[in-house]
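Produce the entire structure from the sequences given, and follow the hints as far as they go.
Protein sequences appear in the order of chains U and F.
Residue numbers for the first sequence follow the working numbering, beginning at 1 and rising by one.
Residue numbers for the second sequence follow the working numbering, beginning at 1 and rising by one.
Hints are computed from structural coordinates only; laboratory data are not their basis.
Warning: the hint list may mix true and false statements.
Identical copies go unnamed one by one, so any copy, or any two together, can satisfy a pair.
In silico DSS-like pairs for lysine-lysine, Cα to Cα no more than 30 Å straight-line [as the list claims (entries may be wrong)]:
no., residue 1, residue 2
1, Lys355, Lys233
2, Lys355, Lys270
3, Lys233, Lys421
4, Lys421, Lys270
5, Lys355, Lys421
Protein chains: 2
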Amino acid sequence: MESQIPAEQENPRPWENLEELLDRNVDEDVQSFLNEMAPADAARCIERLDGDYRDRVLESLDAESAAELLEFLPDARGSELLENAAPGTAAAILEELPSDEQADMLASIGPESAASILAEMDPEAARAAADLAAYPQDTAGGLMVREFLAYQRNATVRAVIEDIRSRVDEIGDYEVQYIYVTEVNGTLTGVLRLRDLLLTHGSEAIERIMIAQPASVSVTTGLDELVDLFESKDFLGIPVVDEANRLVGLVHRSDVDDAWDERAEQSRLKAQGIVGGEELRSMPVLRRSRRRLSWLSINILLNVFAASVIAAYQDTLSQVIALAVFLPIISDMSGCSGNQAVAVSMRELTLGVLKPVDVFYVWRKELAVGALNALVLGVLLAAAAWIWKGNPMLGGVIGVALALNTLIAVSIGGIVPLVLKRFGMDPALASGPILTTLTDMCGFFLVLSLAAATMEHIV
Amino acid sequence: MESQIPAEQENPRPWENLEELLDRNVDEDVQSFLNEMAPADAARCIERLDGDYRDRVLESLDAESAAELLEFLPDARGSELLENAAPGTAAAILEELPSDEQADMLASIGPESAASILAEMDPEAARAAADLAAYPQDTAGGLMVREFLAYQRNATVRAVIEDIRSRVDEIGDYEVQYIYVTEVNGTLTGVLRLRDLLLTHGSEAIERIMIAQPASVSVTTGLDELVDLFESKDFLGIPVVDEANRLVGLVHRSDVDDAWDERAEQSRLKAQGIVGGEELRSMPVLRRSRRRLSWLSINILLNVFAASVIAAYQDTLSQVIALAVFLPIISDMSGCSGNQAVAVSMRELTLGVLKPVDVFYVWRKELAVGALNALVLGVLLAAAAWIWKGNPMLGGVIGVALALNTLIAVSIGGIVPLVLKRFGMDPALASGPILTTLTDMCGFFLVLSLAAATMEHIV
Numbered sequence: 001m002e003s004q005i006p007a008e009q010e011n012p013r014p015w016e017n018l019e020e021l022l023d024r025n026v027d028e029d030v031q032s033f034l035n036e037m038a039p040a041d042a043a044r045c046i047e048r049l050d051g052d053y054r055d056r057v058l059e060s061l062d063a064e065s066a067a068e069l070l071e072f073l074p075d076a077r078g079s080e081l082l083e084n085a086a087p088g089t090a091a092a093i094l095e096e097l098p099s100d101e102q103a104d105m106l107a108s109i110g111p112e113s114a115a116s117i118l119a120e121m122d123p124e125a126a127r128a129a130a131d132l133a134a135y136p137q138d139t140a141g142g143l144m145v146r147e148f149l150a151y152q153r154n155a156t157v158r159a160v161i162e163d164i165r166s167r168v169d170e171i172g173d174y175e176v177q178y179i180y181v182t183e184v185n186g187t188l189t190g191v192l193r194l195r196d197l198l199l200t201h202g203s204e205a206i207e208r209i210m211i212a213q214p215a216s217v218s219v220t221t222g223l224d225e226l227v228d229l230f231e232s233k234d235f236l237g238i239p240v241v242d243e244a245n246r247l248v249g250l251v252h253r254s255d256v257d258d259a260w261d262e263r264a265e266q267s268r269l270k271a272q273g274i275v276g277g278e279e280l281r282s283m284p285v286l287r288r289s290r291r292r293l294s295w296l297s298i299n300i301l302l303n304v305f306a307a308s309v310i311a312a313y314q315d316t317l318s319q320v321i322a323l324a325v326f327l328p329i330i331s332d333m334s335g336c337s338g339n340q341a342v343a344v345s346m347r348e349l350t351l352g353v354l355k356p357v358d359v360f361y362v363w364r365k366e367l368a369v370g371a372l373n374a375l376v377l378g379v380l381l382a383a384a385a386w387i388w389k390g391n392p393m394l395g396g397v398i399g400v401a402l403a404l405n406t407l408i409a410v411s412i413g414g415i416v417p418l419v420l421k422r423f424g425m426d427p428a429l430a431s432g433p434i435l436t437t438l439t440d441m442c443g444f445f446l447v448l449s450l451a452a453a454t455m456e457h458i459v
Numbered sequence: 001m002e003s004q005i006p007a008e009q010e011n012p013r014p015w016e017n018l019e020e021l022l023d024r025n026v027d028e029d030v031q032s033f034l035n036e037m038a039p040a041d042a043a044r045c046i047e048r049l050d051g052d053y054r055d056r057v058l059e060s061l062d063a064e065s066a067a068e069l070l071e072f073l074p075d076a077r078g079s080e081l082l083e084n085a086a087p088g089t090a091a092a093i094l095e096e097l098p099s100d101e102q103a104d105m106l107a108s109i110g111p112e113s114a115a116s117i118l119a120e121m122d123p124e125a126a127r128a129a130a131d132l133a134a135y136p137q138d139t140a141g142g143l144m145v146r147e148f149l150a151y152q153r154n155a156t157v158r159a160v161i162e163d164i165r166s167r168v169d170e171i172g173d174y175e176v177q178y179i180y181v182t183e184v185n186g187t188l189t190g191v192l193r194l195r196d197l198l199l200t201h202g203s204e205a206i207e208r209i210m211i212a213q214p215a216s217v218s219v220t221t222g223l224d225e226l227v228d229l230f231e232s233k234d235f236l237g238i239p240v241v242d243e244a245n246r247l248v249g250l251v252h253r254s255d256v257d258d259a260w261d262e263r264a265e266q267s268r269l270k271a272q273g274i275v276g277g278e279e280l281r282s283m284p285v286l287r288r289s290r291r292r293l294s295w296l297s298i299n300i301l302l303n304v305f306a307a308s309v310i311a312a313y314q315d316t317l318s319q320v321i322a323l324a325v326f327l328p329i330i331s332d333m334s335g336c337s338g339n340q341a342v343a344v345s346m347r348e349l350t351l352g353v354l355k356p357v358d359v360f361y362v363w364r365k366e367l368a369v370g371a372l373n374a375l376v377l378g379v380l381l382a383a384a385a386w387i388w389k390g391n392p393m394l395g396g397v398i399g400v401a402l403a404l405n406t407l408i409a410v411s412i413g414g415i416v417p418l419v420l421k422r423f424g425m426d427p428a429l430a431s432g433p434i435l436t437t438l439t440d441m442c443g444f445f446l447v448l449s450l451a452a453a454t455m456e457h458i459v
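Following this line, the structure appears as structure tokens:
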């Protein structure tokens, strides 16, 4: 009967079932419960568990299933679970992960926990993992895997095929695209496509069919350079060498893409005020609040600063109270116009069609489109003000202020990302607050000073 | 001598050199000029050309170089250049592109131009391209390539290897990971790893080593489902079958990733007010202005609507003009708090740890962190108001209004993306305007109604 219940009628709160299974302490049940869920559903289920239960999940799974689960959990959650697990459990799980993910996990948990986990691992694996974890995350060293196939240049095709055949179980986990060829001392000298092995007689030495002097990167090569490289070349992976040109790893295109996406996602979150690390709602309230406030407290200062312009014009305001209605409109509209320019600049920077030196080009192009939009928006808001108060001059003040501030906003919005990038700052993080603070101040000043100058006509 | 000029001293405006070369009408020079540039630099150079010159670039390149260039240009630019080229030139260039990119290009240019380009192509290639272009872009049919290796099940390993050997030039352009096995009528029956060919005796039929009943998708399978599939399985590609289970194409993991990134990028641009298509600053001013205004004109209406709350309280405002200073602050701060909640909801939805039904969970979690932040921000702004005007009651009104509106903002910001997603709308596009309009209205109402209620204490 149970199997006939349609899927929609399953418990909408599956974490309650999981808590029950954890209470019953039958590990197989926990394992099969999570295995039967889609990965995203399992991740959601883990997030919704009560914290105590959550820390017991990894202990209930065999190392392989636990490692699989970790790959689908948000990174911050994965490293927290590993940190809270017994070091022996954590070590067994880590050993099931590919070398680059081992390194990422170790790098993201506290150094003390990492040390006690490494102490429980197979010494060789531990040393390899610690070595990898020591590389900065956004470098070839931090992104590479140690799982690759390499043979010395005098090996025969037959010997290579036989070695591959004998290691087929282990190799099954690699994404084999290329085989690397080294000198006796381990320096990289060539690369071989799997396909070419198929097409060559077994007694040939692989150096005869290798592509000599293959492209490679250093362990210190940065993410930007890797992205450029994979963009301009069709490689699926590129070998990584140390300072002595010894082959030490392999960077996959997919891992570079993922690291790039992750960086883009981080800067997008920062642009929306999630600074200091990714937030999951299952995290402790205090940590979430502190991180959000770190951004809000800066923002309140910027706001008070911008609003001080209004405070300086209280007399003008008190004579034409209608102006107070338009101040937030001009602030928001200018912010929107400026944000459009920010978005286009960010996009063009990403596409590479814009460089930080192109300030005047951007300015010229923004002024052209800004002038048109300023005219349209200014006339619209002027009409609204005129109709509402029956005072054409008041409409004129509001319209001119919005039009001028639109020009200012698109200029700032277009240029600021370029300037920030030029000085090595993250344009996604700082463009927004700089834009809104400056356009607010200019907008308030324009409305109120124009009103003050034309006071006798607008009261 | 020339080769000794360091790179930094090159002309900072390389498009001027290119225009000169185009004027001189020596195609080889144009070609070698662009070939020597990094792809992003070439793209930037093309963007900065005067429009007339830009349309002459493709004609000056051989078809292969032109096709390579197109892959690095922004999509909107690539299809425009093809559209403006002579149909014969465009056809020759299209034939150099992989089948999925042919289809994308054809789908993004006007139907008339597409027809005249297809008329110039090899009839068989044209029919295949037109077929592919007919599939919606975000389906397996729209994302698949027609370049794959397939053999009938009774073919021997030796025959397959020999066929691969004889087609090695052509196959060099494929990303071969798997070989597909079909019945005589073309229906998909198995998949074979290249590796397994290496490890099997030549006289065996491939059906002996194939994996039977391989996973496959239909031409109509959508992008979301493809993403889920590649997330839960380790495939590098998946075969695509038509309604009769005949093998018709292959979807690569990388193309699914790219399509997903592209969709994410589009919704990010929309969230920043770039609606109706990607903007490049090299596009005509009128088109850029019209697209930006399509969004700004909605926004000005929402703003006027929100500000009408202020208009309703003009009497209150005129009695305590200081309130006008705090209205934009409360509007902006509430927007920021709400945006943080939007960002976390969007992120959790993407990670899959949140579903549209989780409204109450989100609300509870947002109220917890919102209460803390409301307290801190309310006290800060209250203190600022008290200190500035020396009136503790005024500080109280401002602080309470900001605190309450922070709670409202995080609730709306957290929940709105879920609700929009539930009703099939794009949360990235609509969350922002809904959030700011509602929080502005509530914020203005709270400040002004609290002030009106306590008027005798704050004037």
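> Which numbered hints turn out to be false for this structure?
Replying inline: none
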